[in-house]
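> Chains as they are written, first to last, in the numbering used here: chain A, 1 to 118; chain B, 1 to 371.
What the hints contain is simulated information worked out from the structure, not anything from laboratory work. Owing to the predicted nature of the structure, the values given are computational and were not obtained by experimental measurement. Certain hints may be false.
[Unchecked claim] Facing chain A, a subset of chain B residues (Cβ under 7 Å, in silico):
(1) K72
(2) Y126
(3) A203
(4) G207
(5) Y208
(6) A212
(7) I251
[Claimed, not checked] Derived pair list, reagent style SDA-like, types lysine to any residue, alpha-carbon separation capped at 25 Å:
(8) K55(A) x A243(B)
(9) K327(B) x K44(A)
(10) K65(A) x L145(B)
(11) K62(B) x N40(B)
(12) K55(A) x T27(B)
(13) K339(B) x N306(B)
(14) K108(B) x L177(B)
(15) K339(B) x V353(B)
(16) K108(B) x K44(A)
(17) K44(A) x T293(B)
(18) K44(A) x Q356(B)
(19) K62(B) x L28(B)
(20) K327(B) x K108(B)
(21) K55(A) x G42(B)
(22) K44(A) x N171(B)
(23) K339(B) x L145(B)
(24) K72(B) x K108(B)
In this text, a Cβ means the ideal position worked out from N, Cα and C, and glycines have one as well.
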Amino acid sequence: MNRNQVTCLAIGTLIALAVSVAQAQSAPSASAAPAAGAASMSAKEARAANRRLQKDVLHVLARTKGLSVSNITVRANDGAVTLEGAVPDQAQIELAGQAAANVPGVKSVKNALALSTF
Amino acid sequence: MRYVRRGICGAALLCVAGSAAAQSSVTLYGVVDVFGQYLNNGGNASFSERSGGNTGSMFGLKGTEDLGGGLKAIFDLENGFTANNGSFFADSTAMFYRQSWVGLSNEKYGQLTFGRQYQPSFWIVYPADPFRADELLAPAASGVLTPDRNTLATQNLTGRTSNSIFYRSPNMGGVQLYAMYGLSATVTQPVPQTTGNMLDVAASYTGYGLYAGLGYQYMHPGTATYPGLPGPLNLLGTEHFTAALAYRIGIVNLQALYVYSKPKDAAPHSLAALAGADHPYSLASFGATIQATSVDTVEVAIQERNARGVHDNTPGFEIGYDHNLSKRTTVYMRAGYMKNNGSATMSWSGVTVTGQGTSQTLAVIGMTHRF
């Protein structure tokens, strides 16, 4: 194997790893969502709704003035949103929590943000 | 009695209003970071204690003063140090090596600041590096800063610039623009060096889980004095092209980075030309940051540094794990491998390789605390 093949292989493995972790993570939230309320929703619809809400929250955070979003991860499960990752100061932790709470469809916010440099 | 009370209330309110109009604040902040390192440097194994594996140790003072009408005066003074031995970081003559600037900030028009500051190209890179451009253990930062005899006259993307003017636009629907002009600077550490003026412009977009950034920097020629060379080395005018991309899929943030540094042709018979130190180089990195749980983060990156026109390249990978004990305190691990091919001499920043073409293996465990 030459070097390029090794590099390709490594990239492939990395993508597979990332995708499998992402799927493993979304599986429990999907099964929990219908039980939490939306009885009429199928598991697939609930998953899609969670993904939509996650994107909406991310987008609102990205447009929030004075907030550094590059290290923020958002989880959404039937309107319950969790903020994870890190922002540069305490004021931004609170700012992110407030901004997320105001997104339509968000029922509760669990703020688990830590502190980072930028 | 009621009037007296009202009077006191009114006076108190007036005082509050007065202080609000000229409200100012100063914040002391910092990071203390120490780690234990195992390094296999071309077959020579060693253990050491170092500082700044997750984030560079620092303390700083930053402040704002409200000037009214949406205008603020802002400043930041930030010292870098090594917590393992209490020394200054990188340059023992610089009190505020990391940042020192003052300027104006306006909600509508952005901010304009003067001093020693991060470059636009740095702001572009930061969100696309799983190891957050840490000066010691991020492979991307090590790749840019590595001493390499084939690219010694090609100037590096240093991240910070002294004597600079920096404009940063407000966040306009996810778009941000950055521009900087720096005037010539002279330093004595790590080697005596004079850099020319520099121009840096960049733009980024953030939204819907996507991050994209582009940067362009031109550094005018300079000189540097390296031990072992017959005389001062002419540093060539160098263009840096930077592209950065990140995309979030659930808890995974995929990140990619590309930097190409291209020097102008060296004058014939100049030391840069005679020493063959005038090669361009590129750095490509692909990785991910995975938020495994609320308190656990996994970072992975593969990258290659490649000097053009000569057999000199270094593929490598690094994995990292961060566990937050609290909002402020984190324990972390890093492990990585780099393979130097041809005349490549790359390692993690601060490590001098034992010879050309040697492989490097690193494993560290450390803790970092923020205040």
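> Taking the hints in turn, state whether each one holds.
Evaluated hints:
1. A cut of 7 Å between beta carbons decides the hint on K72(B): the least distance to chain A is about 11 Å, and the hint is violated.
2. Look at Y126(B): its Cβ gets to within about 6 Å of chain A, closer than 7 Å, so that hint holds up.
3. A distance limit of 7 Å between C-beta atoms decides the matter here; for A203(B) the minimum to chain A is near 15 Å, and the interface restraint is violated.
4. Proximity of G207(B) to chain A holds as hinted, the smallest CB-CB distance being about 5 Å (cut-off 7 Å).
5. Against a cut-off of 7 Å between C-beta atoms, the interface hint on Y208(B) holds, since the closest Cβ of chain A lies about 5 Å away.
6. Interface restraint check: A212(B) against chain A, minimum CB-CB distance 12 Å, threshold 7 Å, status violated.
7. Proximity of I251(B) to chain A holds as hinted, the smallest CB-CB distance being about 5 Å (cut-off 7 Å).
8. A hinted pair counts as satisfied when its Cα atoms are at most 25 Å apart, and K55(A) with A243(B) qualifies at roughly 24 Å.
9. For the proposed pair K327(B) and K44(A), the alpha carbon gap of about 35 Å is over 25 Å, so the pair is violated.
10. For the proposed pair K65(A) and L145(B), the alpha carbon gap of about 33 Å is over 25 Å, so the pair is violated.
11. With a CA separation close to 40 Å, the supplied pair K62(B) and N40(B) exceeds the 25 Å bound.
12. A hinted pair counts as satisfied when its Cα atoms are at most 25 Å apart, and K55(A) with T27(B) does not qualify at roughly 33 Å.
13. Pair hint K339(B) plus N306(B) holds up; C-alpha atoms about 12 Å apart against a cutoff of 25 Å.
14. Under the criterion of a C-alpha separation no larger than 25 Å, the hint pairing K108(B) with L177(B) is consistent with the structure, at around 13 Å.
15. Taking the CA atoms of K339(B) and V353(B), the gap is near 12 Å; set against the 25 Å cutoff, the hint holds.
16. At roughly 43 Å between alpha-carbon atoms, K108(B) and K44(A) are farther apart than 25 Å, so this suggested pair is violated.
17. Distance hint between K44(A) and T293(B) is fulfilled; the C-alpha atoms sit about 23 Å from each other, no more than 25 Å.
18. Distance check on the hinted pair: K44(A) and Q356(B) sit about 55 Å apart at the alpha-carbon level, beyond 25 Å; violated.
19. With a CA separation close to 7 Å, the supplied pair K62(B) and L28(B) stays within the 25 Å bound.
20. Using a Cα cut-off of 25 Å, the hinted pair K327(B) and K108(B) is violated, with the two alpha carbons roughly 32 Å apart.
21. The suggested pairing of K55(A) with G42(B) is violated, with an alpha-carbon distance near 46 Å, which exceeds 25 Å.
22. Between the alpha carbons of K44(A) and N171(B) the distance comes to roughly 35 Å, so the proposed pair goes past 25 Å and is violated.
23. A C-alpha spacing of about 17 Å is found between K339(B) and L145(B), which places the hinted pair at or below 25 Å, so the restraint holds.
24. Simply put, K72(B) and K108(B) have alpha-carbon atoms about 12 Å apart, close enough for the 25 Å limit, and the pair holds.
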